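Protein chains: 2
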Amino acid sequence: MIYSSHSLTRFSAQAFHCLAVVGLFSFASTSSAQTLFGFDSDGSAQQRQMEAEFDALIDRDEMDRWLKDFSSEPHHVGSPKSKENAEAIAQLLRSWNYDVEIAEYEILFPEPLTRELELVAPNRFTASLTEDPVEGDASTSNTDGLLPPYNAFSIGGEVEAELVFVNYGTPADYELLERYGVSVAGKIAISKYGGSWRGIKPKLAAEMGAVGTLIYSDPADDGYGRGDVYPDGPFKNDSGVQRGSVMDMPTYPGDVLTPGVGATGDVTRLSRFDAPTITQIPVLPISYRDALPLLEAMGGAVVPEAWRGGLPITYHMGPGPARVRLKLEFDWKMVTAYNVIARMEGTELPEQWIIRGNHHDGWNHGAADPLSGIVAMLAEAKAVSHLAQSGYPPARTIIYAAWDAEEPGLIGSTEWAEHHAEELQEHAVAYLNTDGNGRGFVNVGGSHVLERFFNEIMEDVKDPQTGVTVQERRRANLRINGSSEKIRNEAKNRSNLRISPLGSGSDYTPFLQHLGIASANMSFGGHSSGGSYHTMYDTYEHYTKWIDPGLVYGQTLAQFAGRATLRLANAPRLPFDFQGFTDNVAGYIEEIEALADGMREKTATDNQNIRDGVFGIILDPTKSFGPPIPKPPVPHFNFAPLKNALARLTDSADAYQRLAMSGAPASAHQNYLLYTSERELIREEGLAGRPWYKHHIYAPGFYTGYGVKTIPGVREAIEQRQYDQVAGQIEIAADVLTNLTLRLDELAER
Amino acid sequence: MIYSSHSLTRFSAQAFHCLAVVGLFSFASTSSAQTLFGFDSDGSAQQRQMEAEFDALIDRDEMDRWLKDFSSEPHHVGSPKSKENAEAIAQLLRSWNYDVEIAEYEILFPEPLTRELELVAPNRFTASLTEDPVEGDASTSNTDGLLPPYNAFSIGGEVEAELVFVNYGTPADYELLERYGVSVAGKIAISKYGGSWRGIKPKLAAEMGAVGTLIYSDPADDGYGRGDVYPDGPFKNDSGVQRGSVMDMPTYPGDVLTPGVGATGDVTRLSRFDAPTITQIPVLPISYRDALPLLEAMGGAVVPEAWRGGLPITYHMGPGPARVRLKLEFDWKMVTAYNVIARMEGTELPEQWIIRGNHHDGWNHGAADPLSGIVAMLAEAKAVSHLAQSGYPPARTIIYAAWDAEEPGLIGSTEWAEHHAEELQEHAVAYLNTDGNGRGFVNVGGSHVLERFFNEIMEDVKDPQTGVTVQERRRANLRINGSSEKIRNEAKNRSNLRISPLGSGSDYTPFLQHLGIASANMSFGGHSSGGSYHTMYDTYEHYTKWIDPGLVYGQTLAQFAGRATLRLANAPRLPFDFQGFTDNVAGYIEEIEALADGMREKTATDNQNIRDGVFGIILDPTKSFGPPIPKPPVPHFNFAPLKNALARLTDSADAYQRLAMSGAPASAHQNYLLYTSERELIREEGLAGRPWYKHHIYAPGFYTGYGVKTIPGVREAIEQRQYDQVAGQIEIAADVLTNLTLRLDELAER
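Same order as they appear, the protein sequences are chains A and B. In this text, residue positions in the first sequence follow our numbering: the first is 33, and each later residue adds one. In this text, residue positions in the second sequence follow our numbering: the first is 33, and each later residue adds one.
Calculated directly from the structure, the hints in this document are not laboratory data. Certain hints may be false.
Because identical chains cannot be distinguished in the list, a pair is counted as satisfied if it fits within a single copy or across any two copies.
As the list claims (entries may be wrong) - With a Cα cut of at most 30 angstroms, we get these calculated DSSO-like pairs of lysine-lysine:
1) 524 x 675
2) 115 x 365
3) 100 x 359
4) 655 x 634
5) 365 x 634
6) 726 x 675
7) 524 x 663
8) 518 x 494
9) 634 x 524
Since this is a predicted model, take the numbers as computed values, not measurements.
Next up, chain A with everything else stripped away, as it sits in the complex:
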């Protein structure tokens, strides 16, 4: 089926018309016949010619061989296979004429020595804590060196206590528990995976006084409730367990002992007992098979409807009578992380670096996560090298990085970024990340100065399943499935599709949020969901049967990411678009105002209903569910400084855009001013309470984990009801926008 692009083409023409007449409206999509932003017409043609050659160099069979080889054994950081893969990757890159080093860091990486979980009352049950091999997937029987299910950076210890069911263990869940008069203090919280990043669950449970946390995958969210389970289908079977780090990544990622500095052999380290990102209480992930007897033995109130899962039981909140004993011991050993760093010097602007990374360590065989991304990156690197040798050397320096130790907490990339902070802030144009890949729609998250840039790429890459461009396919999906009318309408009418702001969850975090380097993350997905994530079932067999058979989308990812690398490496004027940035920031400010208004209205209504006794009289007196507690009213905030700063920035962005579109050439210094403009969005002080995070537009949520918070200082002060902080945070956010404004004025020579 071919998508009719008539209406879009017409729209683009209109948009250009507007640009000509009004001089402002430049959200114009460029079709492949059009000039690429940052290139002149000839340069665009030459770039596209090179890209066509590039596409032809991507070899799916070779990618498949790499995938099979690298995933033949478990390869977590510290394992022999991880080192072996790093060396193999280095060898490949060397063979393609890259200047390769393996950057080593000495990091803390605990593996479990003891994992015991027992129901001790009202009946007894011992959790198996193991995953079953399945027929038809030989990898699941090849488990030498496989890490058992555990949460890295859980503290060790032995606790015995009654269970309390906390749903997803989010702040809202604890607020509701309080209305039921149920506390986790002195108890073990049992939480479903989902609703927030896993590390938030033990963090909040500990804040609420719990002595331990269990996390299980409920089959409604991640199991038979989603679809057929492995090996009959891709979804999580009853023995599957999601491993994963629970370090307090929203405080800082990377080695827990060396915040802010590279974990080279000689740096001063924290004592592990002082490391703030290790959990306060023991935490263990379990399968739904192991969770069932525990949940079945619970009493207390029936949980609210929204909390119920897919097990064939009535879910109760506790506390107890189910009582469990949890014992965890870890080896707390130091291991070496091996980052492969491969450099190809730029011929014209060697001091300007494009960094392109993907981690290589997995929790297990790691076929999807991360090798499906690594093999696309390697195919890209090989093709880039081939092009360089056949007359298309990159103008700027390209650095390919295969990170180790991403899984335990973005450690390899963070240590390298911290280690080389100064030179990176000087030289890094952008960081381009990939990780696991799937089948379906293109997903791009990143700095909004790159929104236009990525839309040009989306328009030039074809979706392998339908033959339309990946932009058209994504646009179509948003037109139908966009979660709001605004999104559905924009998908139809806005020439550039929005890219998502980045929270955390992969290796872009140190570059973007610590160093202020414009970053992006690219992947495909939506038609390949499954339950193999961080289980022993993330195998070559699973991946090639259920996720991306034939690595068709692996090839597309290589084409997509390769264009990003090559265009950034070659664009005479770096394609940073500040109008896209200001438009998105305007939306975030609107969101935050709406958030405050909604909270103000809700709080006022709730408080009035509490005052009027309305909550009290509707409750069932036979049940232990009480009215909510009144909250301080939400004041009105002065957003004017932020909006005034944005207005000035918008004006300057328009002025710069006129310059950029005029065809004026960009000097090396202008390019420098362009790519270091993202540094204006960070402040040395960082965010309140977490100085490692320095970016004031994008951060992972302190209580959501991976989930992004845009303009985080302001947004989180409001969300966390720290009203006296809001005005100061608005000033800070306004300041960073003003700094960017000055930078743009310098660029536009205003």
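For chain A, the structure is supplied; the task is to place chain B on it using the hints.
For chain B alone, kept in the frame of chain A given last:
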């Protein structure tokens, strides 16, 4: 906990102020200090004095004894116990000096002779089709004469075919099935209970070509997913089956052989083979225990997320490979339905009748449904009789009716209403219904001319759990849990709470929708949900443990419904309020316009997306899910005739209200004109395609069953996309409003 009513009292005062000044705004709540609408000040005081005496006469212990006696054995129509209960009720009413007759009707009532359900492929399983006795509930072992689980008015037959899972079996579900390329033609549809009235499921399945239907209660909707199951809790255990009628009640209720006429011994009857309300295909209800092996054996596409239930499996759509054999045979016998009709002649206006009914037949022991309502009605009837003998005889005639054969299709009430249609249309002031009762919030549905009347009662009856008025408690619940902001705001700010429009589901239907008699249905609920409905677990034990221990709300229902009976019987001017009616009708017109606008916009967007190929390119080509089929665009409709008619009616309602509030006495003829005003809302022709339903403001939905459709001619023409019918239906609806306008002008002597 005592609800502070300050804000409400203040509001009432303001409302009265508005009335005085503006002369229009009369949605004024009357507190118990205020004059009752329809009474003068002295009359109100006397009425309230009588009601205080009435309240003291309600004896919960006696209600409990009746409940226990009447529910001691299964008592469906045609059973010995049903006749015995009818006679016992008649005897009680006679002993209280009512003029009692047992009105007998000869009706078709099929009981099953054969019920066989077998999975024949890909493996074998024979469904038990039985419910298990449980410990602690002796009634569940006392099953002599218990009807087994079945759907009355299913046709018999034997079919063998593959299963197709159809979710709730609604029109929207079949639309989605079509996108999956799955048809039920020649298959057996397996449907969850819920989403529509059960009789709609085989009706639609047959329209789509299915050869049989199974209906099961999914545990997510009605089982362990809701809460602890019987006997540990009130919810449906794995053997429980919801019985129930599947006759095509939206076409006509009552005896299937005698539409429109009373099923007395001598009337002409249809042949059963010509009866249009018997299903076209066999249908059988089953438990989730019996459903599990069938669903587990199904293949085909995984069902959409919204269709998934609470069984520990992945739900598939089929068709097959699960193949079942279903065999049903029925006895198709004639039985006698015994309606108990007890009359107390009015002393002043004996030709004006207040009819108060509750059915007495159950599907089984029937403690909740219907006996919890019957015992409240009997307590009321006894107290009314006592009051009559102690100096408070009713001014108008009161008729208590205990209906038989409600369960198979409102048969007892319908036959009596059809039999006495002419005199009822002449004499009946109102029909007041109750049925099963529970614990929690008051629910009133009914003709909106009674909205103000019922609000006055809600303000005078205290909630037994909290001590606030039942209006305050309902208002509080709507303030917190109202499903829209409009509802939550109105609960706070509108002096009268809205009553719900009536669809179907109990014995008010023939009175309201066939005869045009103002009707209402009253109950309490919200804190007593459970899964006993139409199962063998609807026992005295279950009811008094889980639903209304001590019959506390039974007493409140008697107080509530008794006031309704007594106030209607005694009001010098019948308390019909047409301003409440016009306000609600205005809301329905707005709803229908919004419905058309929403459908128009959705259809246009979908059609454009289909034309643009957008649906096509987002689909996963490895899955069999196609784009939707374009629908004819939704035209704009001319609602002006309806709105003009409403504007005139509103004007006349205001004029009548001024007269009524002036204290002018009402003659017998004026009262006659008042209560027969509801007849202006019916037309002899009835609704399109279902002439039995004559009311043009309220009807059960043709494709929803119990669910109400207001202004049904217009609404269903739009919903069913019969656009060429809409203008005509708007004219008809405008005509009935105009007829009511003329009636009000006659009343107001304009």
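Against the structure, the hints come out as follows:
1. 524 x 675: Within one copy, since 28 angstroms is at most 30 angstroms while 36 angstroms is not.
2. 115 x 365: Close inside one copy (17 angstroms), not across copies (82 angstroms); limit 30 angstroms.
3. 100 x 359: Classified as neither; 36 angstroms inside a copy, 54 angstroms across copies.
4. 655 x 634: within (25 angstroms within a copy, 43 angstroms between copies)
5. 365 x 634: neither (49 angstroms within a copy, 60 angstroms between copies)
6. 726 x 675: This pair counts as within: shortest intra-copy Cα distance 21 angstroms, inter-copy 61 angstroms.
7. 524 x 663: Classified as between; 21 angstroms across copies, 41 angstroms inside a copy.
8. 518 x 494: within (26 angstroms within a copy, 47 angstroms between copies)
9. 634 x 524: between (33 angstroms within a copy, 15 angstroms between copies)
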